[in-house]
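A.B. asks: Fit chain B to the supplied structure of chain A, relying on the hints for placement.
Going down the list, the sequences are from chains A and B.
Here the first sequence stands for residues 1 to 221, numbered as in this note's numbering.
Here the second sequence stands for residues 1 to 221, numbered as in this note's numbering.
Quick caveat, the hints were computed from the structure, so don't treat them as lab data.
Possibly wrong hints are sitting among the right ones.
Ranges between beta-carbon positions, derived for each pair [as the list claims (entries may be wrong)]:
(1) A:T34 x B:A51: 43 to 51 Å
(2) A:E163 x B:T12: 37 to 45 Å
(3) B:E62 x A:Q164: 31 to 39 Å
(4) A:S32 x B:P69: 41 to 49 Å
(5) A:S32 x B:E163: 26 to 34 Å
(6) B:A191 x A:P194: 37 to 45 Å
(7) B:K54 x A:A55: 45 to 53 Å
(8) B:D28 x A:E144: 27 to 35 Å
(9) B:S32 x A:E17: 24 to 32 Å
(10) B:D152 x A:D49: 27 to 35 Å
(11) B:R65 x A:E133: 50 to 58 Å
(12) A:T36 x B:E86: 39 to 47 Å
Every residue gets a Cβ at the ideal spot worked out from N, C-alpha and C, and that includes glycine.
2 protein chains.
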Amino acid sequence: MSLHLGVVRVLTQEDYEVTALHGRLIEDRYPSITTTSACIDDHPDGIPDEAAEKAAEPYVAETARSLAPTVDALAISCALDPAVDELQRTLDIPVIGAGRAVINTAQTLGGAIGTLSLEGGVPSYIAGLLGGELHASVSVPGAETTNYLTTDEGRRSIEAAAEQLVDDGCDVIAPICTGMSTAGVLPHIAAEQPVPVIDPVLSIGSVAMVLDSGHGVASPG
Amino acid sequence: MSLHLGVVRVLTQEDYEVTALHGRLIEDRYPSITTTSACIDDHPDGIPDEAAEKAAEPYVAETARSLAPTVDALAISCALDPAVDELQRTLDIPVIGAGRAVINTAQTLGGAIGTLSLEGGVPSYIAGLLGGELHASVSVPGAETTNYLTTDEGRRSIEAAAEQLVDDGCDVIAPICTGMSTAGVLPHIAAEQPVPVIDPVLSIGSVAMVLDSGHGVASPG
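Chain A with its partners taken away, still in its complex shape (with noise of 0.2 Å):
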């Protein structure tokens, strides 16, 4: 089994390595993937709110439809999901949107669901997919965008909004922002709290692990 897998990064950035770096960490950890990377123009701050996903869905459907032709199946790295339905209904391979594949992966380990956000707190689409396993969110303090979480403070203001939501009794931490990934502090709160915390980079990973050799994937290369 091989899985050739294109990721649509929603943070303009000029180095190559730097876009790819979500690709790394799902090949790093499932190794029969292989990625290829593509980062929208325009966004030097990302998305971090719902008013600026509804604005960057265009440049993500463009970014997605450029690697489609050459990939099994395709990743959109942001929580949001944003333009997912849409070329899910329009494209003829898989597409994962982060928001969806760690809603999902948390709600398949627990029922009182914790998510760790950006300074908007939590978008309505996702309280939308959590309903009533929503149990306690903590935004980062100061992180008004996704660059902030990979300053030095921001990493320890991830690792202290994952224990307040221990505190408050979640059995499971959903990180709602892509860029906490890029942070590299999860795997480091995951081994210090007693809950699941998952990687909303990662989750992708594993949702395209179980696609198989059909629908419109590849055959083994």
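C.D. replies: The following block gives chain B in isolation, referenced to the frame of chain A:
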């Protein structure tokens, strides 16, 4: 990374390698996972419906508890998720039920989900998880219990039922009995059909792969 997963089978079988089949499927797809399996007593026909599920819960809980001390995480390989809530509340390791795993994976990949079930139809538990995303459901004719699925006739019936779900406009197929994984036809069906076909046993492994070395999961050995 490595993870030792305990797999509870809800079909009573004498031969360990037969009981271990679901674990072997997971190990084959996810080489960093090792499994130890055990089956519940007194259930030669498995758990064919929700009435049987209630009665089986104490058996599942007992078997799970016997495996728990020696594994990093537990899987309950039955789509009705027997005893899963109780085990998640009371054990300090992650517990993964096949029902949540397959449904949540399907929900990540599409919004018009088709279920493949035993003759009893879609259990209310599964219908509740799917809500408005349950687009169509087909029962495999003749499949009063899981044992029928592993006959040649049963395999052909699963294939025909999957085809019907595609004709009905489903964008993802979720087999909601882990006996469909045992039957061995899902890879073939996935290769034939134009939409993702989610293997319920592999979806357990997929969720397990997201677990890191924290939260009760032993460090890589």
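A.B. asks: Against each hint, give a clear statement of whether it holds in the structure.
C.D. replies: Status of the hints after comparison with the structure:
1. For the pair T34 of chain A and A51 of chain B, the beta carbons lie near 47 Å from each other, so the given range of 43 to 51 Å is met.
2. A hinted range of 37 to 45 Å holds for the C-beta pair E163 of chain A and T12 of chain B, which are about 44 Å apart.
3. The beta-carbon spacing between E62 of chain B and Q164 of chain A, approximately 36 Å, falls within the hinted interval of 31 to 39 Å.
4. Between S32 of chain A and P69 of chain B the Cβ separation comes to about 32 Å, which falls outside the hinted range of 41 to 49 Å.
5. Taken as a hint, the range 26 to 34 Å holds for the pair S32 of chain A and E163 of chain B, whose Cβ atoms sit roughly 28 Å apart.
6. Our hint of 37 to 45 Å for A191 of chain B and P194 of chain A holds, since their Cβ atoms are close to 42 Å apart.
7. In this structure, K54 of chain B and A55 of chain A meet the distance hint of 45 to 53 Å, their C-beta atoms being roughly 50 Å apart.
8. At roughly 45 Å, the beta carbons of D28 of chain B and E144 of chain A sit outside the given window of 27 to 35 Å.
9. Take S32 of chain B and E17 of chain A: their Cβ atoms lie about 25 Å apart, and the range 24 to 32 Å holds.
10. A C-beta distance of roughly 55 Å is found between D152 of chain B and D49 of chain A, which places it outside the suggested range of 27 to 35 Å.
11. The hinted range of 50 to 58 Å is not satisfied by R65 of chain B and E133 of chain A, whose Cβ atoms lie roughly 25 Å apart.
12. In this structure the supplied range 39 to 47 Å holds for T36 of chain A paired with E86 of chain B, their Cβ-Cβ distance being about 44 Å.
The structure fails to meet hints 4, 8, 10 and 11 from the earlier list, while all remaining hints are met.
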